[in-house]
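Residue numbers (numbering that gives the first Met the number 0), protein chains in the order written: chain A, 0 to 500; chain B, 0 to 327.
A portion of the hints provided could be inaccurate.
[Said to hold, decoys possible] Below are the DSS-like pairs computed for lysine-lysine, each with C-alpha atoms no more than 27 Å apart in a straight line: (1) K381/A - K218/B; (2) K90/A - K291/A; (3) K426/A - K218/B; (4) K381/A - K423/A.
Calculated from the structure, these hints are not laboratory results.
Only a predicted model underlies this, so the values are computations on that prediction, with no experimental measurement involved.
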Amino acid sequence: MNILHLRDNRQRGLHWSKPRARPIETLPVPDTLYIPISHWQQTTAELLVTTGSTLYKGQPLTRSYNHNVIITHASSSGEVIDISDNRIAIKTDGRDEVSDELTKTTDSLSRQEITDIAHRNGLTGQGGAGFPLARKIASLPQQPQLLLVNAAECDPDIHCDDALIQAYAPLVVESVLTIAEACEIDRVVIGIENDKTRSIEQLQQAMARQTARQNIELVTIPSQYPSGAENILLQLCTSEQPGPHESLASAGILSMNIATCYAMGQAVFNGMPPISRITTVVTPDGRHRNFKLLTGTPVNHILDYVAYERPIASIEQEVPLHVTQGGRMMSEALDTQAVITQQSNCITISNTKGVQSSVPCIRCGACSDICPVRLMPQHLHKAATHFDAQQLDNLNVDRCIECRCCDVVCPSAIPLTAQFIQAKEHKHRQNNEQIAADLAKQRYDKRQRRLQKERSGKRRTSLKEKAAPATPQSRKDLIAQALKRSAKKKPNDAADNGSSH
Amino acid sequence: MNTPTERSVSDVMLLVLLALLPGFCVFLYLTGWGGVINCMIAIVTALIAEAVAVRLRHGSVRITLTDYSAVVTAILLALCLPPLLPWWIVSLATLFAILLAKQVYGGLGQNLFNPAMAGYALVLISYPLDLSTWLTLPEGFSMSLSDALSIVFSGGLSQSEQYDALTGATALSRLYDLNLQSVDLAQLAPEISGTFGARYSEWLNLAFLIGGLALVFLKVITWHLPVALIAGVATCDLLIGGPYPDLTFHLFGGATMLCAFFIITDPVSAPAGNRARLIFGFFTGLLIYLIRSFGSYPDSAAFAVLLMNCCVPMLDRLDNHINSRPTR
Ligand code: SF4
Ligand code: SF4
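One chain only, chain A, in its complex shape (with noise of 0.2 Å):
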């Protein structure tokens, strides 16, 4: 039996005891690594390599101008072996050696610049959706007035951000002021939970470092989940809430993940792009480890060397291992071909897949007292079942922001989330189905009013072809009647002006 530690709060969420981050760790280059390639709808990336060529690590492997598109580089030196639709191969060979065409700034940055560097060095957001930078920052509004770092990493697995913040705490808030100033915006707030004392500390002590520049806000948030959801974290920081169908961009407020603004400082000041991420890899036997991984890194090479180093004994007894991505909250699977991209915060090596049978809703209440949003998911549940759209809108499905907690304390081990993403999608479906009716509908009165109109302009015009002579008239013949209507008016005109004299 497992008996939660949940303390209520006037934050409603999950509450973990989190164990401090461990120092960040590093694995030997792979062998092969495999850098995805990024399209964008139609839109393709436009290869600088071939099948192949010598790379050097930072060296870009593909070249768009597009913002949807997301440059990608080689992570370290080798050479190309194989490049198919939606990856690039490399033979690394071990010499890691760093390309010497990288571009470092010094000077202060304007906010294209700042887009454009954002953009050639392929940034995307870290936290989890991947993001284009270059696109987020473009579609700020003329005076953006927040920047907001999320440093919160809520979920009880994940904790290389804090692992970041240690290792790296100036650099991440000079990348920070940067951008700010960059953006030309006034305010910057870092969030950050309030248990973890040393990032707090950390990061005290390098903004200690920058006062001639602009001032940082340090907010402490509980730690819990979900507060690192951009959402409910702004509502922490500034107790100001976004509009329900607004991006957070669109009204002004830039909303960063601290690994992004570390990927930011690297690449403004050393020039490097985001060819490694810090990802936490949690073990079979529950031990949290962060690694600073090369992007491209096949997930088995993390299990071997995992594996290696401390036989785990599942792999010995050739139990199949289960790898998702995530962690504990947000997980994914994962199969065995998947690599580290920079969207991988955390990689979760398990031997047990943990699928639990659900039984019926019990009506127990314990999912509405959890959920952050203060919707009612049991009531959710329900009308998701049947799909009742009116109901679902009643009680304000779209403001679900998927965050699971209801999941994780139902006692009946109802994929609740799971359900609300799907009745989510079906409804927006039926509203698309709905919009595309009501336009044909609109077209079809259009056509048949205009139908109609021609059919009643020519009965007029045939009322009038009637009244008119019956023999058709040459282009000849209407001039000369129209010559001769003239003439006969010419008189009467002459009698008009001669009476006004």
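Please arrange chain B with the ligands on chain A, whose structure you already have, making use of the hints.
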């Protein structure tokens, strides 16, 4: 997506069983082997009935039985029944509780009425004599197991030759009799009241209170329902109660605490929102008091709970309606 649930239904049910333990011990002390036999019959019947019903409904027997909800129902039911009942009354009550009050509605989570109370109410109406025949308390295992078994399997206490020697009245039923005879209650107070509540059942109630507080502390239940129920009883007592019996008699007599912490807190048949829970608990308390004082049964928790169960869908809708107003 493999987050294990922090506390599954079986965990919840096990916690409830653990919390019932102190009350259960006092109950066994008071009723002796008769109580043990009741519990055994109820649990076995409940498990068999649940298994058969789930099989018929093509569910997984293993999953259903290991959620322990049938065991909890059986024990709650047994805690209400007097000892040394004929075995088939216990079985009948349990069968009704599991089959008609729960499985027919669709099993766990779907039932409208609290199964234990529905089963109890059925036999209380059908066999009023047997159901109001209590041993002289406390029994404390003074009767041997074989004697107890022979009584249970030969028609129960009410058919037994030692009827007069063995039976006594519970405080509430004595109070009820006295009420009918319109005796001056204050004079008879020593006969039915104990140290702080109703004679003997005060200890039972105290033990349930302790177990219930543990459940609140472990966040298995919220405080709303028990507090509201106690408030309901207290309000009635203040408004219409005479000098005797006093409030503690009502709170620590009959099935009040069992009802407050273990029966109305059954999540399935109680409302889901805290606001609705307060209303539900308050009115249950009110009804308990009213039926006890003016109804024709000595104790009334079962009827009060069942009556309020009928209102749950309405309370839920009301709560839903209030909550689903846009919040911004
Ligand atoms: S309903 Fe949505 S927002 Fe609420 S707890 Fe569940 S997943 Fe989180
Ligand atoms: S937590 Fe699960 S069982 Fe409890 S009310 Fe919510 S959906 Fe139902």
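Each hint tested on the structure:
Distance hint between K381/A and K218/B is fulfilled; the C-alpha atoms sit about 24 Å from each other, no more than 27 Å. Proximity of K90/A to K291/A is assessed by CA-CA distance (about 19 Å); at most 27 Å being required, the pair is judged to hold. With a C-alpha separation of about 35 Å, the suggested pairing of K426/A with K218/B is violated against the 27 Å cut-off. In summary, the hint linking K381/A to K423/A is supported, as the alpha carbons are separated by about 14 Å, within the 27 Å threshold.
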